[in-house]
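Participant: Sequence:
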Amino acid sequence: MAADLAAALEWVEQFVMKPHGQLGRDGAVCPFVQASMKADTFLLESWTVEPDATVDDLVASVNLLADTFEAREWASRNQMLHTLVVVLDGLAPERFHLLDDAHARAKSGLVKRGLMFAQFYPECDERAVRNPALQVARSPVPMLAIRRMAQHDVLFLDSAAEWFAAYADRFADRYQQNAVRDPALKKAFAGAQERWGDRS
1 MAADLAAALE
11 WVEQFVMKPH
21 GQLGRDGAVC
31 PFVQASMKAD
41 TFLLESWTVE
51 PDATVDDLVA
61 SVNLLADTFE
71 AREWASRNQM
81 LHTLVVVLDG
91 LAPERFHLLD
101 DAHARAKSGL
111 VKRGLMFAQF
121 YPECDERAVR
131 NPALQVARSP
141 VPMLAIRRMA
151 QHDVLFLDSA
161 AEWFAAYADR
171 FADRYQQNAV
181 RDPALKKAFA
191 GAQERWGDRS
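Just so we're aligned, residue 1 is where the sequence shown starts under the UniProt record's numbering, counting upward by one.
These aren't lab readings, by the way, just hints derived from the structure by calculation.
Watch out, some of these pointers could steer you wrong.
Said to hold, decoys possible - Below, a list of computed lysine to aspartate or glutamate pairs in the EDC-like style, where the Cα atoms sit at most 20 Å apart:
1) K112 to E70
2) K187 to D198
3) K38 to E13
Said to hold, decoys possible - Using C-beta positions, here's what the derived DEER-type ranges look like:
4) L155 to E45: 37 to 47 Å
5) G114 to F15: 46 to 56 Å
6) G27 to A6: 18 to 28 Å
7) E94 to L64: 17 to 27 Å
8) D173 to R130: 22 to 32 Å
9) P93 to E13: 33 to 43 Å
10) A7 to K186: 37 to 47 Å
11) L155 to R113: 17 to 27 Å
Since the model is a prediction, treat every value here as computed from it, not as a measurement.
Each residue gets a CB set at the ideal place from its N, CA and C atoms; glycine is no exception.
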């Protein structure tokens, strides 16, 4: 357990918190983690799961993660810095890929709650949103991470009407006020509006 936590933290520090030449933008792979750590709101824990956990079991773990995240007492009131990462201790390696299925099943429910989560494991095929050639979720141990929805998440939420609706409910006013500067975000938002209808 301690070794897995150490491996997870090393990967976060040496990959997630560092720039990458193939990322498609400046800055760290995840731009939130360094500030989250400074605010003492980056929490890394180990949760025990059964070796033969099913997709249903993993979805239950995701929902428990969301409930735990929302109930947690945080060191900072800045919700954008709140991050909870759990290493899934005990899950058999041949079942790591089920995390993808659990993510697909649980995503809509969490997005409606204003939450974003991701799965990580050694063979995970999740790609960088600005460069599909870069695999960004290949952690040394199986993990789940959760945080609040942020402005840039339109890049992950523009492909389904219900996801975009949840995003627009929270961030459409920023686009209306021309407060969003990143051209990629503006393009994604405009494209989603055209595809799914104006959610402002």
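Participant: If a hint holds in the structure, say so; if it doesn't, say that too.
Facilitator: How the hints compare with the structure:
Among the hinted pairs, K112 with E70 is consistent with the structure: their alpha-carbon atoms are about 14 Å apart, no more than 20 Å. Under the criterion of a C-alpha separation no larger than 20 Å, the hint pairing K187 with D198 is consistent with the structure, at around 14 Å. Only pairs whose Cα atoms come within 20 Å are accepted, and K38 paired with E13 is accepted, the gap being roughly 13 Å. As the Cβ distance of L155 to E45 is approximately 27 Å, the hint placing it in 37 to 47 Å is violated.
Checked against the given bound of 46 to 56 Å, the beta carbons of G114 and F15, roughly 27 Å apart, lie outside it. Distance hint check: the CB atoms of G27 and A6 are about 25 Å apart, consistent with the given range 18 to 28 Å. The given range of 17 to 27 Å is respected by E94 and L64, whose C-beta atoms sit roughly 23 Å from each other. In this structure the supplied range 22 to 32 Å holds for D173 paired with R130, their Cβ-Cβ distance being about 25 Å.
Between P93 and E13 the CB atoms are about 24 Å apart, so this pair departs from the stated range of 33 to 43 Å. The hinted range of 37 to 47 Å is satisfied by A7 and K186, whose Cβ atoms lie roughly 38 Å apart. Restraint check, L155 to R113: a C-beta distance of roughly 19 Å satisfies the suggested window 17 to 27 Å.
Hints 4, 5, 9 from the list above are not met by this structure, while the remaining hints are.
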